Amino acid sequence: MIPFAALCDALDGPPAPAAQRAALVAYLRAAPAADLPWALTLLTDGPRPVRVPPADLAAWALDALALPRWLLDDCVAHVGDTGEALALLIDTHRRDPPEGPPRSLHRWMTELVAPLKGADADARRAQVLAAWAALPLRPLVWINRILTTGLRLAVPRAVLAQALADVSALPAPEVAHRLTAFTAPTAAAVAALLAPLAPGLASCAPHPVSPLEPLAGPAEALGPCTDWQATWRWPGLPCQIIRRGADTCVWTDGADLVSDRCPALVAAARGLPDGTVLVGTLLVVEPSAASDPSGDRPPLTPQPHDVLTRRLARPRPSAAVRRRQPLVFVAHDLLADGAGPLTGQPLRARLARLAALSLPRDPPVAGGLWHPPALTAAGWPALEDLRQAPAARRTRGLRLRPLDGADPADPAYHWPLPALTVCAVLVYAHAGARRRQAPLTDYTFAVWHGDALVPVAKTAEGLSPADRAALDAWIHAHTLDRMGPVRTVPAERVFALSFAAVTASPRHKAGLVLQAPRVLAPRPALAPADAARLAALQAHLPSAAGP
Amino acid sequence: MPKAARPRTPGDARPLAGICPAMPAPDPLVVQGPRGGLYCPAGDFWIDPLRSVETALITHAHADHARSGSATYWCAAPGAALLRRRVDPRGRAHLNPVDFGAVHLINGVRCSWHPAGHILGSAQIRLEAEGQVWVVTGDYKRAPDPSCRPFEPVPCDVLVTEATFGLPVYRWPPADAVMDALVAWWRDAAAAGDRAALWAYSLGKTQRILACLAARTDRPGPLWVHRAAAGLCADYAAQGVTLAPFEVFDPATSQPPPGALILTPPAAEDAAWRQALRPQTASASGWMRVRRQRHQRPVDRGFVLSDHADWPALLDTVRASQARTVYVMHSPTDTLARYLREVCGLNAGPVPRLAQA
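Chains as they are written, first to last, in my numbering: chain A, 1 to 547; chain B, 1 to 357.
So here's chain A without its partners, still in its complex pose:
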C-alpha cells in the first residue's frame, strides 16, 4: 500500500504529464503483479467494490477518538475533505506508531475494502478501525479517499496509456483503446491489456489532420467558389472515428480516446465497414432542438463547450445524462473506408465515398452520426449572406477546404463569423493577475436589465495604452468601493464592445456571457442610459429562435 500511496502523492497535484508519466512508469516497473489489477482499476476510476458514506467514517472516528463533533466540523471546514480531515485527526491522536505487518495494495483491497460490501454496520466499523490503526498517514489518506469518493486523481488516460506503453512495448494508442475495455480488477484483464499485438493488426491511432488557418483577406482571393467546399464549423472538439475489426475508437483532439463515454455513437458506427476513418466534430446538442424544415440555417443547437468537456469526463454516463446531453458526430471527411486509405485522393473523391456510406443526412437531435448536406451557394456573396445570417451564430463560422486538395494536411481555412457589437457600461475594474498587475487592466462591463446593470463581459483586450492610462487615472479617482482587488466605479462610462457570440451561463447574474469580448472604443457621447439592454443580447443566444 505504501508504494501505491506514494504514487498517488506523486500524481496528485497540478497537471504535469511528464512527471506523472515518470512516476507511473517507476511504479508499474516495481509493483508486484498482484497489485496491478487494483492499481489500474483505481487509477482509471473503474467500478468500486464498495462505497462508505463519509458520515459513517466520521461517526466511527469521533466515537473512537472521543472528540466532539464541532471539532471535526472545524477541521473539515479547514481541510476541505472529510476523508483527509479524518486521516489527519487519527494521525494526530495516535499514541503508538501504526501496527501490523505491511500489506500490499491487493491485500488491502481484497481483505479490507471488498468485504465491507454487504457487511453489517458493526463489522464495517471494526474493519475500518483496524485498518486505521494499521496504516501510516499517507496510505490512510488514500484509503479514506478510496472508501468515500474513489481515487479521482484525474490522471489523463493518455498519460496512463503512455506509461503502460513504456513498460510493455505496445503502441500507446493501442493501450489507450484496450484501457476503455478494462473494468475488472483481475489478472486476466491485465493480461489482456498488456497482451502482445496480433500480427497484421492495423493501427487504431488517429490520423494527423492539420488545424484550420484563419482566413486573412477577402474570400474572393481564394479563387472560384466552386473549387471550395464550405461547411459549418461547429463549436465542438475535432474528432475521428476509427473502425478496426469489431472495435470502434472515438478520438478527440488527436490524443484522447472517448469511446467508452459515447456508447450511442459507437453503436451507430458499428455498421461502418472495417477500416473506416471518419473525420469530423464532436458536440453535445440540446435534446429538444427540432430540425428546421427550411434547411437553410444550421438546425442543431449545440450546448456550451464546458458541457461537452464535462460530459466526456464522466467515466460511465448514465442513461439520463446520455438523454440530456446527446453527442453528435458531424462528419466532414473520410480518410479511409473498407477498400483502404483515401489520403492520396482529392477531397472531391473522398466526399463521394463519404456520401456512399449513407450516414444520416438529417440532424440527429437525439444524438448519433450526421453527414450534413453540403452548403450550396451560388458564389462568395451568397456564402457571405449565410455567414451574416443570425442563425449562423450557433456555429463558429465556416470551414473552407479546396475540393482538389489530395492531402488532408493541405491548408484549409476558418472563416469566422463577423463580430457583433454592443454598447455597455463600465462597472468594475481590477488589476490583472501576476505580470499584468500594475495597471487596472481587467474591466467588467454591464448592460441594463430593468433598472439594474448586470455584468455581461470581462475583458482586458482592445484599449490602446494611452486610453488605458487615462481610464486608469479616472478609475483611481472615482473608486466607490473596493472588494479585494476589485474596484467599483460609478456607472458613467460607456464603451463599444465587440464579441463573437453569446452563450448561456447560469453562473452569471445576466444568465449569459459574451464570448471573446473586446473593447472597440470609448463612447463619450453616450449617456449610461443609452447602453444596451439585456434583451438585445438574449436575442443572440443560440437557443433563441432565429428570425
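If you are wondering where the hints come from, they were derived from the structure by calculation, not from laboratory data.
Pair by pair, the computed Cβ-Cβ distance ranges are:
(1) A:56 - B:266: 36 to 42 Å
(2) A:491 - B:266: 38 to 44 Å
(3) B:192 - A:218: 51 to 57 Å
(4) A:93 - B:110: 37 to 43 Å
(5) A:263 - B:191: 43 to 49 Å
(6) A:167 - B:191: 16 to 22 Å
(7) A:56 - B:63: 44 to 50 Å
(8) A:93 - B:69: 41 to 47 Å
(9) B:242 - A:102: 33 to 39 Å
(10) B:192 - A:200: 39 to 45 Å
Stretches of chain B that chain A covers, calculated by requiring three or more beta carbons in the stretch to come under 8 Å of a beta carbon on chain A:
(11) 163-169
(12) 287-294
Residues from chain B that keep clear of chain A, each with C-beta distances beyond 10 Å, as calculated:
(13) 42
(14) 215
(15) 222
(16) 237
(17) 265
(18) 316
Computed from a predicted structure; not experimentally measured.
Even for Gly, the Cβ is constructed at its ideal location relative to N, Cα and C.
Using the hints, position chain B against chain A.
Coordinates of chain B only, in the frame set by chain A:
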C-alpha cells in the same frame, strides 16, 4: 504614543466572565491594541506592536512581530542583531538586549524573557505585576531545532499563546524524518541532473535547515542561499550556530550547478530565475500537511517542517504553564479556545480588547 486608559467596563475586559462565572478572569495585565500588538496598561509599554510606540518589548524579529519606528526596543540578547538588521539598520532606536531569565523592572512591571524555540533569540515574555503572572509566548515550537534554544515552560496565571496551527489536524512528523525525506528528494534531483529549489522563510526556516544539514555528511551537492537570507545567516553564525557552508545566490548573476540545493524565500516563487534554471521545487512549511494548501503553492513537493507549535504541543504547553486562563492569538479559527473551554475546563478566548476611553 496613545495613552490608553484602563478598561472601564468590566464586560469589555472580561469577556469570559459570563461563561465561567465561578472563575472570573483576572483584570487584564495585557490587552489587544486596536491595530495589532499587545498593550500593558500597568507598565505603559507594548509587546510586538505593529506601529511605532515609545517602548516595545519584542518576542522575535519576524516582521509580523517587530516593526520599525519605535523609540526603545527590548528583546532577548541572542536575537538583538537580527532585530537591529530588521527594524533599525541605522541604529537610531535604543535597543536593550536582555539575557534569558534576567528580570527587568519596566514602569513597575517585572519583565523577563524565556526561550521560545521559534527562531534564534525568540522569547516568551513573562510579566509580573499586581500579584499576577502573565506569559506572552510569541511564536514558539516544541520540536528540536539546532539553531536556537529550546522552549522552556514558564508557570503563570494567564497564558497568551499563539495558535497559528490551532487545529487538531496539525501534528508534525519527527524533524529527523522530514530532513531525511528532504535530503532524499535533493539526492534524486541531483541524480537526475537537476537543481533543487526549496522555498523556506529567509529568517528562521532557512537557518534551521542549514543547521540540520551541517550535522549531516550525506549532502549530495553544494548549498546556495538566496541573498535575502545570507546576512541573517551571518547573524546566526555570530551567535555560534553552526550552519552548513553555502554560497550566496544572487538571481541576477549566480549560476548554481546542477545538483545544487537553492534555499530561497517564498516571495521569489515567480521569479525569472525559476524559468531559467528549471529547478525541481519544494516548499518547507507546516501548511504542507494539508492537501488544499499544498496545492496553493506552485511547487512539486511539500515538506511538513514548521517553526510553530502543532496541536499536541499547544495543549502540552497550556498544561505545563498551569495557567487557568488562556488567551489565544494568531489563530485562524476559535477551535483551540473552544477546546480549552469545553474539553479542558479552562477560561479561554481571544485577548481582551483595549477599551477606548
